[in-house]
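Chain residues, written in single-letter form:
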Amino acid sequence: MKDKLSALLDGDLDEQSARPVLDSLRRDASLRRDWDAYCMIGDVLRGHGAGSPNLLQRVMAGIEGEPTLLAPQARTVEPAVTNKRWRGLMPVAASVMGVAAVGLVAQSIYSEPEPTAQVASAVTRQHVLDNGPVRPVAVTVEAEDPHREYVFAHQAMTGGGPIPGAVQYIRSVSIAGQDGGR
Amino acid sequence: MKHLVVAVGLCALLVHPHALAEVAGDPLAWLGRIAAAGQRLNYSGTFIYQSGRNFETSRISHVADASGEYERLEVLDGSPREVIRNNSEVRCVLPEQKTVIIDRPGGRRAFPARLPSSFSGLAENYRIRKGEVSRVAGLDTQLIILEPKDDLRYGHMLWAEVQTGLLLKARMVDERGDVIEQFAFSNVKIGDVIEPAALKSRFTKGPEWRVINAHGIEVRREESRWLMNAPLPGFVLQSIVRRPLGRDRGEAVQMVYGDGMASISVFVEPAGSDSARAGIGPLATGAINIYKRRVNGYLITALGEVPLKAVQRVGDGIEPVVQ
Numbered sequence: 001m002k003d004k005l006s007a008l009l010d011g012d013l014d015e016q017s018a019r020p021v022l023d024s025l026r027r028d029a030s031l032r033r034d035w036d037a038y039c040m041i042g043d044v045l046r047g048h049g050a051g052s053p054n055l056l057q058r059v060m061a062g063i064e065g066e067p068t069l070l071a072p073q074a075r076t077v078e079p080a081v082t083n084k085r086w087r088g089l090m091p092v093a094a095s096v097m098g099v100a101a102v103g104l105v106a107q108s109i110y111s112e113p114e115p116t117a118q119v120a121s122a123v124t125r126q127h128v129l130d131n132g133p134v135r136p137v138a139v140t141v142e143a144e145d146p147h148r149e150y151v152f153a154h155q156a157m158t159g160g161g162p163i164p165g166a167v168q169y170i171r172s173v174s175i176a177g178q179d180g181g182r
Numbered sequence: 001m002k003h004l005v006v007a008v009g010l011c012a013l014l015v016h017p018h019a020l021a022e023v024a025g026d027p028l029a030w031l032g033r034i035a036a037a038g039q040r041l042n043y044s045g046t047f048i049y050q051s052g053r054n055f056e057t058s059r060i061s062h063v064a065d066a067s068g069e070y071e072r073l074e075v076l077d078g079s080p081r082e083v084i085r086n087n088s089e090v091r092c093v094l095p096e097q098k099t100v101i102i103d104r105p106g107g108r109r110a111f112p113a114r115l116p117s118s119f120s121g122l123a124e125n126y127r128i129r130k131g132e133v134s135r136v137a138g139l140d141t142q143l144i145i146l147e148p149k150d151d152l153r154y155g156h157m158l159w160a161e162v163q164t165g166l167l168l169k170a171r172m173v174d175e176r177g178d179v180i181e182q183f184a185f186s187n188v189k190i191g192d193v194i195e196p197a198a199l200k201s202r203f204t205k206g207p208e209w210r211v212i213n214a215h216g217i218e219v220r221r222e223e224s225r226w227l228m229n230a231p232l233p234g235f236v237l238q239s240i241v242r243r244p245l246g247r248d249r250g251e252a253v254q255m256v257y258g259d260g261m262a263s264i265s266v267f268v269e270p271a272g273s274d275s276a277r278a279g280i281g282p283l284a285t286g287a288i289n290i291y292k293r294r295v296n297g298y299l300i301t302a303l304g305e306v307p308l309k310a311v312q313r314v315g316d317g318i319e320p321v322v323q
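Top line first, the protein sequences correspond to chains L and B.
Counting from 1, one number per residue, gives the positions in the first sequence under this note's numbering.
Counting from 1, one number per residue, gives the positions in the second sequence under this note's numbering.
If you are wondering where the hints come from, they were derived from the structure by calculation, not from laboratory data.
Keep in mind that the hints are not guaranteed to be accurate.
Here are the in silico distance ranges between beta carbons for each label pair [to be verified]:
(1) B:176 <-> L:16: 29 to 37 Å
(2) L:3 <-> B:174: 28 to 36 Å
(3) B:250 <-> L:7: 34 to 42 Å
(4) B:202 <-> L:41: 26 to 34 Å
Where is the CB? At the ideal position from N, CA and C, for every residue including glycine.
With the hints as extra help, turn the sequences into a complete structure.
This is the structure:
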């Protein structure tokens, strides 16, 4: 199980493999302590401060204080993407709070968001990260990217390097690169 | 007869590697071929665009005939988006945002058109060399490498199809060699007949759609009310245009600086309340770095496919002309 825990932490588990691990995490207090320890080790190795053995408890307490984190209002702003994300969440809806905890813990380890991560927890984590406790509508990057017009005008004038023809405009329409501010 | 076919096939296989070792032309000539091929060839295919750790697949069809160039690009992942090019008019269609952005870049646009005149500048700022011959999308390609001579620009790797020169893969890398952005065909057909239907937009613009006309009006240099107090090495002022910004934001002046490969745009606009939400300071959208600041009630936005340091220097260097 510890192997799987470690794989989960590394983002190496797919949704199917991650689910039993997440279930175990919810049930097994000793496993949660292991998880905590792994997180702390990760933090220290990455030089992100000393971490805390009570991280999970603190995260859970934080979640108690923010019960509407996964704000459904995002749906109205970005229908297709949001719907898809919510569909992705449905299989784990029952354990969504546990998953959110894992998401936040993982967030404390990775300094940057990992939008391409495959695990179920990552789907939630993306939500948690994007929303953040204080900015519940920040998922609207695609809908409201304030720089799209600038980028478009830039591409139109310059060709955007060697990429030929319309391909250069991919930067204007792509959402792949739009992580928001960096 | 069968044996003969097999024998001929084997011979072709044996001869092939030798042919590859002799892909002629110096690197600059290759850049010229790439530029011409992108304009003149018919091609269609699927390519993967990567920005940072994110990927997106798109389909593209390009037709060039006596009446001009026509092109359609459709993003296949996520929300549907497309780019339609009809000679000099380019439309970005964003159906979910019910938005069309239109521009008529005219003759000054794009790498293919401006490359030949920029050759000398290119060699001043990049070390240009040929790399290996390798396969992309099942076709043999010649790699051309442009290595920056300073830290104000990124490196570029271009894979051009050996026979036609069509660019099949392009990668932009930082000083550590990490990929900032890449596009690569996963399959491509060169020279085939392309049905007109493949170039038509899939979306019908409704009355509630927002149309943003990004068409710029050329401004002469001496009429510009802004200038750069500290030129960025290797980047020269290429053009100045005035652009409507839409959404009641008035008009922006766009100054474009280029080094022959990368470019930086500086937009100067009245700093309205709307502009405040975009934030001030360094930002990024994918491979494009953005730097914003306010000067004398104006908002300056510098952006380009260059390191943050470069957009920051340009953004900080722009100041109003003292009459």
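Hints, verified against the model:
1. B:176 <-> L:16: 29 to 37 Å: 35 Å, holds
2. L:3 <-> B:174: 28 to 36 Å: 34 Å, holds
3. B:250 <-> L:7: 34 to 42 Å: Roughly 54 Å apart at Cβ, these two residues miss the hinted range, so it is violated.
4. B:202 <-> L:41: 26 to 34 Å: Violated, at about 51 Å.
The earlier numbered hints that this structure contradicts are 3, 4.
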